[in-house]
Amino acid sequence: MLLDLQDVSKSYPTGEGVLQVLRGVSLSLDAGESLALTGESGSGKSTLLHLAGGLDRPDSGAILFEGRDIAGLDDKELAAFRRVRVGLVFQQFNLIPSLDVAANLAFQARLGGRFDAAWMARLTARLGLERLLDRYPEQLSGGQQQRVAIGRALAGRPQLIFADEPTGNLDEATGDAVLELMMSLLPETGAALLMVTHSMRLASRLGRRLHLAAGKLG
Amino acid sequence: MLGQGFAVLLSHWRRHKLQFAMLVLGLALATALWSAVQAINGEARASYARAAAVVGQDRLEQLATPDGARLPQSTYIALRTAGWLVSPVLEGEKRFGGERLRILGVDPVTLPADAAQVNVGAADIGLQRFITPPGVFIMSRETAERLKGIDTPPIRISDALPPGTVLTDIGIAQQVLDAPGQLSRLLLAPKQPAEVRPLAQVAPGLVRRAPAVESDLSRLTDSFHLNLTAFGFLAFAVGLFIVHSAIGLAFEQRRPVIRTLRAVGMPLRALILLMIVELLVLSTVAGLIGVALGYGVASLLLPDVAASLRGLYGAEVPGTLSIRPSVWGLGLAIAVTGTLVSAAARLWRIASMPLLAPARPRAWSLASERALRLQAVGGFVLLVAAWLIAQFGAGLVAGFAALGAMLLGAALILPLALSLLLKLGERLSQGVIAQWFWADTRQQLPGLSLALMALLLALAANAGVGTMVQSFRLTFVGWLDQRLPSELYVTTRSNDESQKVHDWLASRSDAVLPIWNTEVRMFGQPVQVYGIADHATYRQHWPMLEAAPDAWDSIASGQGVLANEQLARRQKLTLGDMIPLDGGHSLPLVGIFSDYGNPKGQVIVGVGLLVKLYPDASRLRYAVRIAHDKAPKLAEDLRGTFGLPDENVVNQATIKAFSLKIFERTFAVTAALNVLTLGVAAIAIFASLLTLSGMRLSQLAPAWAMGLTLKRLAWLEILRSVALASFTMLAAVPVGLGLAWMLLAVINVEAFGWRLPMHVFPMDWLRLFLLAVASAILAALLPALWLARRAPADLVKVFANER
Amino acid sequence: MNVRVLLLLLLMMATPALAQGFAGLGGDAQGFAVPERGVALSFPQDHDAHPAYRIEWWYLTANLKGADGQDYGAQWTLFRSALAPEERPGWQSPQLWMGHAALTAPQRHYSTERVGRGGVGQAGVTLAPFSASIDDWNMTSRAPVSDDALSALSINAAGDGFSYNLNLDAKGPLVLQGDHGYSVKSAQGQASFYYSQPFYEVAGTITVDGKEIAVTGQAWFDHEWSSQPLAKDQTGWDWFSFRFASGEKLMGFRLRDAGDGFTSATWIAADGTSEPQPPGALTVTPLAWSDVKGHRVPVQWKLALPAKGLDVTTVPVNADAWMDTQVSYWEGPVRIAGTHPGQGYVEMTGY
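So the protein lines, in turn, are chains A, B and C.
Per our numbering, residue 1 is the first one in the first sequence, and the count goes up by one each step.
Per our numbering, residue 1 is the first one in the second sequence, and the count goes up by one each step.
Per our numbering, residue 1 is the first one in the third sequence, and the count goes up by one each step.
These aren't lab readings, by the way, just hints derived from the structure by calculation.
One or more of the hints may lead you astray.
Unchecked claim - Footprint (simulated), chain B over chain A, 3 or more residues, beta carbon under 8 Å: (1) 55 to 61; (2) 79 to 90; (3) 93 to 102; (4) 109 to 121.
As the list claims (entries may be wrong) - Quick partial rundown of chain C residues pointing at chain B, CB under 8 Å, derived from the structure: (5) Leu83; (6) Ala84; (7) Gly90; (8) Trp91; (9) Pro94; (10) Gly116; (11) Gly121; (12) Asp136; (13) Ala158.
Positions of the beta carbon are idealized from the N, C-alpha and C atoms, including for glycine.
Next comes chain A alone, as it looks inside the complex (with noise of 0.2 Å):
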């Protein structure tokens, strides 16, 4: 078992006092399995998938990586933990606007001293980016963005691909094709996708599919 959270609580001060977003949740993923998380906007999904790839920790529970508690790391070891073992997909791709496409592209996997030029060649290639390496990202569309910020997160070969809503700002002729690369890529890198969305048709494509409802798994 690639990653087990076992019984994860959560919740958020608000204005009107905590908001209790997970109610002891629990799943586990393994390694070059796909699991989508399907929900209501406000069931608590997307802070599922933070604390399974270490951005938030957890109230209560343990979310063990390969068998260790990551809820107990500090900071640095987190941030460590973020830089090589995971790759963040997210609905507004989130890349960094001062970097061209090529550096986007290398960016992370060169932080956790993991890059591989042959790889990123071959990612390169297949994401269809050859003639927008020297492009800034304002300078690209929707569809062209999220190709980077996949190609950010499977550069570095992380061993969790964790995606937000990835084609909730991009058309459905798009979204498929994008969702279709990404899915293609996976078995390349062995790695292991969990994906939120609330696309049931989406969801359909992956390899199991779980339901929250109310900070509860279904």
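Guided by the hints, dock chains B and C onto chain A, whose structure is given.
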């Protein structure tokens, strides 16, 4: 509804208190500095006006001798008997208990109405008392304070008189100044009878002089005040930068609120109006604070300014500030106007914004490369203009215009220069973080560019003025040694005493050199005429800039004249030109010498010639040469034998120290303003960083998500600030040097008439560099700390699906 | 000139006090000498200034006829006012001098003034030879040493738009006013020393607006000095000097106060004998009023002196004869009609 809308707008400040504080502080500081300078200048100018108006010399024609020597009272009677409507004036200086006063004697009965500033007939004076010894001294309150405890005739207060000037009856003045039957000049009533005997017949020795519309004093001190004004403007400009950034951020952050308000139904016009009102209230409050601060700053600086003016020009300016509503009102008005102008562009954009436009703070900070390039082109144009003006322009205004163009041009070029430097850094860097650091910094640049331009100006000003001051000091000290080579300087109190002292000293010292002088009007300006003896002291030490080979011999034989640099420059004199002296004498110019710090022209002739041409010249001062170690004893003996007060027998070291002190005080004011300006620039950076910190989060979140710790990111923020400040400092060095050169070679020459060689002081630049870096670190510290302390939840929010 | 200062000249006060009477002439004597009855006037000494007294004037008025046939009038006055009852040398002198000069032409009245301090030579009176002057205005004796200094004078003055240069020759003796020169001014007993020389024949030139005109005529000279010539409640006076065709002359004045006023007169016979009239003998009645430079002034008079059978009326050569000086008053030549026709001068103050 308006009230509610206003409340909503204001609530923004409640949440962003620091932003609010920055806006108010920036505007207040800028207003303070500008108002302080204006107040100081205003105080001085009012004082000059009073001095100029004394005995109506700015409105009435005068009759006087051509060389300014005193005329006999009988001339006045002769003119009167011939039908001329004239009024006598006697003027002179006298010390009362160590305080030097300018005594002005007038005849209140014949004084023309235009010249009567004081009502002598008033109840507390009375004509009888005024004219009967001991008479009455009328003076300003401040002068009376200076004379507390000193024995003088009865004093009456009138604030129409400038400081240090005393009005009294002409008879009393003649007594006090030991000038029986003598007058300084005659005032002409505006309307003279039609049939009077011509002046040449009645009083052939007199010339008719037009009213001095612009007093000598006002002209002389113009440059000094221009300097101060320039600084005031600089400070205000820097302050407006701060205001501009703060307002910019506030507007962008409030876009959602504005969108909501409009969607709910608030009319656009009302909204704009509310925002204008909000700005008015804010700027008025900040302006009032600024004006109050400015008053404090001016009060602190004024004594130094007054001392400088007194030492440099002999101008009397009160050391206390009077409240002038016009100055303060103007400060407030400028604060409000400046704010509204800064905000005008943003208000316009809001006005033309479609109802549901999304908030795009990132767009605000992302400016295109093209814009930077355009700006840089503008900067180059200004630099070229500056060079052209410097080459072909003349006069102080042209000098300052060139200076301003140079500074502004450099500032406009800075962002592009920095951008290029950063691009270079990106290309040269190896690691991914380094590369990202440079690229990200370049992205930050537009948001920081205003603050950095302000920093450049402040640093360049500091470097430039510092270089000028240091060059000055270096040259001045050396020059003082040349100008004051004698060991003792003696001032006697009467011609009689002068002769006795001379004889007494002659046998006890190596040489007794007369420092006899008078002041005349030559080339339409006041010029000092000095007579010197022929002595090796002069031949060896005198700081000559240019000299004919036998210059000193010509002087000694009364056939040549020396002129100081100021006069030579002003009148474009070269060796061999004829200089008009009194009584129709004209002598060739045989040398030009440097005379730093003297606002007046000066001419030197042999002392024999001086006495011949100007028998009324002051003959009271001597320089004494004697072995250094014997000087103190000689001074003691001299004082004891003749009962001379301490200050009348001074040794060289004291004079040098005094001269240096005046010099230091003059530039203390400049130094103070420099430091304040630098402080304002540092605040500008801080404000900009604060401005951007809100947006930083969304820009840094991706990097954080990908595995950079917040701590690391915070350090990078500080490093970024240091890098930018360092680069700016790098750019400031050539600009500062250019500024120094302009100050020394152009401005100073136009303003004062003498030119100093420029020296460079790298240690000063190093110090300034460290100061800049320290300010940058301080400015970046708080935002960086906040960043490091952020909860992950805040960062994660960036990735929230709903924006 | 500073207005207040000039007022101060005439206020003659060393200490602040309210102005009393016209031009403060009703103020206290305060240390100054006071005229006494029975003191004999002697000449030429009494032609000179009397520094111990507070105020003094040398006053000349002339009725002239020009070569162009027009009637003219000329006035030359030197006032002395003292801040202290003594003389000190140089600028310390407490004597202040003021000159008034006027020329009345039928179409226009010209007036001007001068001020100056004593002790320095700008203004003053000297005795040997007699000369009263201020700035370039002079009244100088032309008389030989054997004769009275005032028997032959030359006077000159100039102002805005006018000037004159006149020679005066006396055809009669000096006339002492009042009781041998002691002239009472009010019921309370205020008095001054006062004598006149009313017998001048005049010849000279006047210049009016650039035009020079030869003139002849007659002139009247007064010299008066005192320290408190008015009572506190007296607001001003009307003064008349008349020369009748018969050769007789009349000097009369009325001092106005809250009540009926105080009149006094001296009848001068053609040979110069003076017959002082008792107070109240002369009656004066204003006949017609006129608005002159913002002041309401009686410009036509009726005078009656029953003891001499006098009943005359006066008509001014120019009704606008207002003196444009700091202390202003009306002074101008008049023509006399009635029982004793002739010409004269009228002075009216306090209006």
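Against the structure, the hints come out as follows:
| no. | hint | in the structure |
| --- | --- | --- |
| 1 | 55 to 61 | holds (count 3) |
| 2 | 79 to 90 | holds (count 9) |
| 3 | 93 to 102 | holds (count 6) |
| 4 | 109 to 121 | holds (count 3) |
| 5 | Leu83 | holds (4 Å) |
| 6 | Ala84 | holds (6 Å) |
| 7 | Gly90 | holds (6 Å) |
| 8 | Trp91 | holds (3 Å) |
| 9 | Pro94 | holds (6 Å) |
| 10 | Gly116 | holds (6 Å) |
| 11 | Gly121 | holds (4 Å) |
| 12 | Asp136 | holds (4 Å) |
| 13 | Ala158 | holds (6 Å) |
Violation of the numbered hints given earlier is absent; every hint is satisfied by the structure.
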